[in-house]
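Asks: The whole structure should be built from the sequences, with the hints applied where relevant.
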Amino acid sequence: DTGVSQNPRHKITKRGQNVTFRCDPISEHNRLYWYRQTLGQGPEFLTYFQNEAQLEKSRLLSDRFSAERPKGSFSTLEIQRTEQGDSAMYLCASSLESEQFFGPGTRLTVL
Amino acid sequence: GIQVEQSPPDLILQEGANSTLRCNFSDSVNNLQWFHQNPWGQLINLFYIPSGTKQNGRLSATTVATERYSLLYISSSQTTDSGVYFCAGVKYGNKLVFGAGTILRVKS
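Sequences listed follow chains U and Z, in order.
Counted from 1, the first sequence has number 69 at position 69 by this note's numbering; the numbering is strictly sequential.
Convert by adding 1000 to the 1-based position in the second sequence; the result is the number in this note's numbering.
A couple of the hints might just be wrong.
Listed next, the stretches of chain Z that the computed footprint assigns to chain U, with coverage defined by at least 3 CB atoms under 8 Å from CB atoms of chain U [claimed, not checked]:
#1 1007 to 1018
#2 1042 to 1049
#3 1061 to 1072
#4 1096 to 1108
Calculated directly from the structure, the hints in this document are not laboratory data.
Even glycine gets a Cβ: it sits at the ideal position worked out from N, Cα and C.
Replies: Right, dumping it as structure tokens:
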């Protein structure tokens, strides 16, 4: 039973570029979540999918952010026109019921 | 939304010592989890404990849902226990709300 996987693990980009991250949940988990964690803080919720439907979005998810889960399996998180304030760890989690399991994260650095 | 307060913010222990970490919630929660974040940033599940007491080796946790707090006990601490410990709860929908964490350093 493999855990949640995320790619890439690290991403360095220049301000203004677009980036896309991928999350593969634990197989058979129908719920998928994205969180963002900045240095010294706990993770903050961004968005939630049940199967392919995006059911919940945080106000943190500005218009430059878009998340998809087209076939109810893997998910992508795209950030357009990156800003230095987007530098953070982006965490994906999945669950079958209530308990959420997290992936290793993608660390984004915007120069 | 709910507020999650963790204490202490920092803790330094000598190897072999015991410790108690606390998590207070501003409102009742439906789901409560404890995590250990390793040096590479991954959140490792310790306990899913909306109420009651659970034990796993040297770790145990107790949640008193009616009083909106949870405790994580670490006994006979080891240097590998070092890291950041987070509690998180769900009040509405499915989003986990995290505390700011407790940074634990275990010295040999």
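Asks: Is the coverage entry for the region 1061 to 1072 of chain Z by chain U consistent with the three-residue Cβ rule at 8 Å?
Replies: violated (count 0)
Asks: The region 1042 to 1049 of chain Z covered by chain U? Criterion: 3 or more residues, Cβ-Cβ distance below 8 Å.
Replies: It holds, with 4 qualifying residues against the three required.
Asks: Within the region 1007 to 1018 of chain Z, is the number of residues with a Cβ closer than 8 Å to a Cβ of chain U three or more?
Replies: violated (count 0)
Asks: For the region 1096 to 1108 of chain Z, do at least 3 residues have a Cβ located nearer than 8 Å to some Cβ of chain U?
Replies: It holds: at least three residues are needed, and the region 1096 to 1108 of chain Z offers 6 whose Cβ sits within less than 8 Å of chain U.
The structure is inconsistent with the numbered hints 1 and 3, although it conforms to all the rest.
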